[in-house]
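Visitor: Next come the chains, spelled out residue by residue.
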Amino acid sequence: MTNRFSDLANSANLEKSIAPSRTWQQRWLRPLLSPDVLAPGAVGLLLLLFWEMGVRVTNMPPYLLPGPLLVFQTLVSEWGTLFPSMLITLKITLVAFIAAVVSGLLISILFTQSKWIERSLFPYAVILQTTPIVAIAPLIILWVRQAVPGESSTFVSLVICAWLVAFFPILSNTTLGLNSADHNLINLFQLYHASRWQTLRYLRLPSAMPYFLGGLRISGGLALIGAVVAEFVAGTGGTSSGIAYQILMSSFNLQIPRMFAALLMTTALGVAIFVALTVFSDLMLRNWHESAVKREN
Amino acid sequence: MNPSSAFQLSDVSKVYTNGTVALKNLDLTVNEGQFVSLLGPSGCGKSTVLRMVAGLGKMSAGTIYWGGSSQRRLAYVFQEAALMPWATVQENVRLPLKLAGMSKAAADTAVAEAIALVELTGFEHSYPRELSGGMKMRVSIARALVTKPEVLLMDEPFGALDEMTRSRLNSDLLHLWQQKQWTVVFVTHNIYEAVYLSNRVVVMAARPGRVVADVAIAAPYPRTEEFRTTPLFNDYCREISGCLANASGQLLLRSDAEAKAGDVINQVA
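Chains A and B, in that order, give the protein sequences.
Residues 1 to 297 in our numbering are what the first sequence spells out, letter by letter.
Residues 1001 to 1269 in our numbering are what the second sequence spells out, letter by letter.
Hints are computed from structural coordinates only; laboratory data are not their basis.
Each residue gets a CB set at the ideal place from its N, CA and C atoms; glycine is no exception.
It cannot be assumed that every hint is accurate.
Said to hold, decoys possible - If you want a taste of the chain A side facing chain B, the calculated C-beta under 10 Å gives, among others:
1. A99
2. Q146
3. P149
4. E151
5. S152
6. S153
7. S180
8. L185
9. F189
10. L191
11. T199
12. Y202
13. L203
14. E290
15. V293
Unchecked claim - Below 30 Å or equal to it, Euclidean Cα-Cα: the simulated DSS-like pairs (lysine-lysine) are:
16. B:K1180 to B:K1148
17. A:K115 to B:K1148
18. B:K1180 to B:K1098
19. B:K1058 to A:K115
20. B:K1098 to B:K1024
21. B:K1024 to B:K1104
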């Protein structure tokens, strides 16, 4: 065989050797100093500055609108009660999210195995999704209390509420992804007499990966929202109260700075979940999918 | 059935559920080791023939007889490279062996060999997005060759490539075919490509899909680039072009919705 491609191969190797290996500073510091972080950071700081100045100039009473400094001070002083509450909400969110991922994935696989199953069940998944969670949460709490008496009753019902909200994006996205495999590749698998399992494992699941990960990002945020909304409805106190209960109580007691602090924590948690899932998604797709591939023009 | 034939299609028809008659009473015998091109305008059913042979679609009527051993090893190359974007070149080429249940270690030699045949050694760990169109097609061909097929079915494999890449891949394919002596069925709408590559060009016409001419290309192999400029080459091109023009001329009288077929003729005339 001739070696017509050897030039090309050499140049590819050359590129690899020219590209410097990245140090940890380049890996972690540079993204933090990138415009994607600096620009919204500067805007945020400016807004906080205006907010603080506005509150001071107009002598706004803290029970209407506390300044950011006061909110921050409250966050520090109330950390001991707020942080455990946030952990409880986080736990509910995580359990519901994992349940949503597992059930969404399994049911979407079931859907692609038979058009009839999909036809018969998909409308009910839509109904579950479109029923407002606030409206059915009391019912779920009531029912779960009958089935699971005792301490864990609230936890279970909150998880179910959050799961109901988080489940659908995974199901619908993954179903779409499993059905989007390249038809030529499907033919190729047929030609080589691939089994149903092989087609699923080596073709449909990888094809669905970008769709699944997209659903994951939506669901992560929704699981938190579902957990918070359900906590509002449940309105339970005691040792197992989540962050939403702290928000509710603070507003009843007109502890508005404390309410802001709890709100801030909830938002931060939501952002953290989103960032974590985005990083995970990029890691999974960085070798092949357009969304995660960096191009130089 | 002739013992030297690889397969034989007998009285094959294909009607799609929307009523389109893709093939009508088609007879075609392809001999062992032959390089046969199916040539014709869009919609003449040439790709349908290939899909029937591969078992990717049901025939509405007719039979296919296989010569030699009962189960022939087939390989199919699509118009698009159809690679798995999440897998490296090596993993893409290994796919048919993996589906056959072969372990990674056992497949390694065959994979390396197939990659070497298409001259992509050094690109084993590249992802499809890092490759050019021509290189992707080479990977696709390597994937077809990795099972050491007896019959190679190619559906306009170089149709989407630029002219220079196409003629390079043409001569490389011919080179491989002479070494391995597979039976090749090559679908194309490019007359020059068909004449350059084949022992035999089967000209088809559309609506309904049928064979209108069967031309043996009696030029010796190996065929070099110079073959493309010989009078013999030109004679064959003119003859086949005439067959196509005849077939589509009749067609144009029957319906004027065949502009596409006409365009093909204009390009080659």
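Visitor: Confirm or reject each hint.
Guide: Against the structure, the hints:
Checking A99 of chain A against chain B: minimum C-beta separation of about 27 Å lies over 10 Å; hint violated. This hint is violated: Q146 of chain A has a C-beta 47 Å from the nearest C-beta of chain B, more than the 10 Å allowed. A cut of 10 Å between beta carbons decides the hint on P149 of chain A: the least distance to chain B is about 48 Å, and the hint is violated. With its C-beta approaching chain B no nearer than about 45 Å, E151 of chain A sits outside the 10 Å limit, and its interface hint is violated.
Against a cut-off of 10 Å between C-beta atoms, the interface hint on S152 of chain A is violated, since the closest Cβ of chain B lies about 41 Å away. Look at S153 of chain A: its Cβ only gets to about 44 Å from chain B, farther than 10 Å, so that hint breaks. Here the hint on S180 of chain A is broken, as its CB sits about 12 Å from the closest CB of chain B, past 10 Å. Taking 10 Å as the C-beta cut-off, the interface hint given for L185 of chain A holds, the closest approach to chain B being about 5 Å.
A distance limit of 10 Å between C-beta atoms decides the matter here; for F189 of chain A the minimum to chain B is near 7 Å, and the interface restraint holds. With a least beta-carbon distance of about 5 Å to chain B, the hint placing L191 of chain A at the interface is held under the 10 Å criterion. Of the supplied interface hints, the one on T199 of chain A holds, with its beta-carbon coming within about 9 Å of a beta-carbon of chain B, less than 10 Å. Given hint, Y202 of chain A at the interface with chain B, holds; its Cβ is 7 Å from that chain's nearest Cβ, closer than 10 Å.
The beta carbon of L203 of chain A is positioned within 10 Å of a beta carbon in chain B (closest approach about 7 Å), and the interface hint is therefore held. At its closest, the beta carbon of E290 of chain A sits 8 Å from a beta carbon of chain B; the interface hint therefore holds under the 10 Å criterion. With a least beta-carbon distance of about 7 Å to chain B, the hint placing V293 of chain A at the interface is held under the 10 Å criterion. Under the criterion of a C-alpha separation no larger than 30 Å, the hint pairing K1180 of chain B with K1148 of chain B is consistent with the structure, at around 9 Å.
As the CA atoms of K115 of chain A and K1148 of chain B are separated by approximately 36 Å, the hinted pair breaks the 30 Å bound. For the given pair, K1180 of chain B sits about 23 Å from K1098 of chain B by alpha-carbon distance, which is consistent with the 30 Å threshold. Of the pairs offered as hints, the one joining K1058 of chain B and K115 of chain A holds, with about 21 Å between alpha carbons and a cut-off of 30 Å not exceeded. Only pairs whose Cα atoms come within 30 Å are accepted, and K1098 of chain B paired with K1024 of chain B is rejected, the gap being roughly 38 Å.
A hinted pair counts as satisfied when its Cα atoms are at most 30 Å apart, and K1024 of chain B with K1104 of chain B does not qualify at roughly 44 Å.
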